[in-house]
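Number of protein chains: 2
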Amino acid sequence: MNSSLADRILAGDPRAIARAISLVESEDAAAVELIRAIYAHTGQSYIIGITGPPGAGKSTLVERLIATIRSQSVQGRRLSVAVIAVDPTSPFSGGAILGDRLRMLTHSGDKGVFIRSMATRGHLGGLARATSDATLILDAAGFDIIIIETVGVGQDEVEIVRTADACIVTLVPGAGDDIQALKAGIMEIADLFVVNKADRDGAERLALTLESNLSLHSFKPGQWRPPVLNTVATTNTGVTELVDAIWRFRDQDKTLQSRRQRMRGESRLRDLVSQRFMKRLERNGLKPGEFDDLVERIAARSIDPYSAADQLLDRVIPVAAKT
Amino acid sequence: MNSSLADRILAGDPRAIARAISLVESEDAAAVELIRAIYAHTGQSYIIGITGPPGAGKSTLVERLIATIRSQSVQGRRLSVAVIAVDPTSPFSGGAILGDRLRMLTHSGDKGVFIRSMATRGHLGGLARATSDATLILDAAGFDIIIIETVGVGQDEVEIVRTADACIVTLVPGAGDDIQALKAGIMEIADLFVVNKADRDGAERLALTLESNLSLHSFKPGQWRPPVLNTVATTNTGVTELVDAIWRFRDQDKTLQSRRQRMRGESRLRDLVSQRFMKRLERNGLKPGEFDDLVERIAARSIDPYSAADQLLDRVIPVAAKT
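If you read the sequences in order, they're chains E and X. With my numbering applied, the first sequence closes on residue 323, and no number is skipped along the way. With my numbering applied, the second sequence closes on residue 323, and no number is skipped along the way.
Honestly, the hints are just simulated from the structure, not real lab data. Accuracy of the hints is not assured; some may be wrong.
[Said to hold, decoys possible] So the derived list for chain X, only partly shown, Cβ under 7 Å to chain E, looks like this:
id, residue
1, Ala-40
2, Gln-261
3, Arg-268
4, Leu-272
5, Val-273
6, Met-278
7, Ile-298
8, Asp-304
All residues carry an ideal CB built from backbone N, CA and C; glycine is no exception.
With the hints as constraints, model all of the structure from the sequences given.
Below, the structure is given as structure tokens:
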């Protein structure tokens, strides 16, 4: 069953893609086999991450990006675009699901566009894992561009876009203390800044603040300096310039792209090793009831969680051992 | 140094508490020793988690909860309250830091109140781990009540309140599709629902929707049915009733509380085992360069990440082995 699902994904069948993403979302065991089957066919897509606070107009901007990218062709072929909208607000607002439908309507009938929202409510890290696997599926399906849109409010969500080939941070004027926005580590993840709703009061000041903060950084000769771009997504203003800037970023430093790909590989490996270790430990490395006993002792305060964790690990990898 | 820091925490010294929380926030190695030293003295606080969408008025509500709880005494002693405000929006808005200062002002001089925001931007799961350790520090310092406030938009943030002794979900009228709010797994984590800003249009409908959804659940006799409470935090309306409901919940089922404490122990142990395993594997279980080689092969698509993870794990815990 999965080999044929893999084949259908490689052929770009949208229903197979949708089904496969549902599998990774539900953390179905079949998803692992599927990723194994398609993995050799991945690594071709260019991955663009977009993050920013709620209300920055990211959905509209992504909408415009799709249209602009779709209107471009490379060697006579129009670029295809897939979007993963990671919407952690959906447990409360249902925004993702409704948004999905609206957006799908706009592009219905266009086979070169695929839009999907992710809103896994599993364990810690589950969302990042599912998004990462969904990206692999879309990559194997042959999409030229994959846009991952997150609301940059949760740790997972910032983490998700951090390893994209290009990371766009979208800000809006008047959304609070601009200076704070820059202090808190956003500078480091942005390859491009977008001041959206740039027709609003305070847009110029926000752009200036971003620029003056960038000027505090010392960029080496030849090093990419994140540009600050102004857009008004609702009127499609500045979107072509944004897309041009993305391509400039992509073309300026090819080694960066392979470094990011390596980063994705590394974070995925670390995540999987940790996650699968725990499962394996419980199945094959523990005496029956041993884990539960430790949990009871932690709850009873007769052992602290750090010592309990070390006690389990000592059996598997003694600290002194050098293999 | 740490043993004296531990002693000062146990004595309730606010500066020692603040310093210890900074240690866990920065994932300092000394933090592990500190938690080990204080852990036996924890398990006495009652932990209240509050989550809800941005704009639900949680900060004001928490403010009112502090004042109401502070006004109450048990056996002639006024209850002390500590608050951990997990504000993942702060990378963009700086809300946490500013909010902290404002809130601290209101309660300055009151030694029975401690307020602290957490906004770690570390690795996946880092925020949950830091919050969990900060809770232990406040618990060891003797606070009767610990309130953990999160914006329920990220997976980590929902996860953080899930294991509190009492979990309050705060909603507001007019914040989107009410029905969706209920579909998305929020029902399961709430012990109490609060409709805040209950003087607004649509509040009654929201409360009715919550009630009618609750009535679809079949509660066993004696089982807690989450009440739906109306508050207007700005005018202090309904807050005493909310506090009463929290105490009713606390007193109705003591076994639930020990079950939650066990859940906290379990999730902490799982998290620590996974995290510390990876570190130990790299230090003691791998040949030099072995991990990097695998990462390169993943990036080069010559091995998929799942197979790479299994390859590392096979050496540590063979699948067939039964210890």
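Do the hints match the structure? See the list:
1. Ala-40: holds, 5 Å
2. Gln-261: OK, holds: Gln-261 of chain X within 7 Å of chain E, min 5 Å.
3. Arg-268: With a minimum Cβ separation of about 4 Å from chain E (threshold 7 Å), the hint on Arg-268 of chain X holds.
4. Leu-272: Holds, because the Cβ-Cβ distance from Leu-272 of chain X to chain E comes to roughly 4 Å (cut-off 7 Å).
5. Val-273: For Val-273 of chain X, the interface hint holds, since the closest Cβ of chain E sits about 5 Å away, which is under 7 Å.
6. Met-278: Hint on Met-278 of chain X: holds, closest Cβ of chain E at ~5 Å, below 7 Å.
7. Ile-298: Constraint on Ile-298 of chain X satisfied, holds at 4 Å.
8. Asp-304: holds, 4 Å
The structure is consistent with each of the numbered hints, conforming to all of them.
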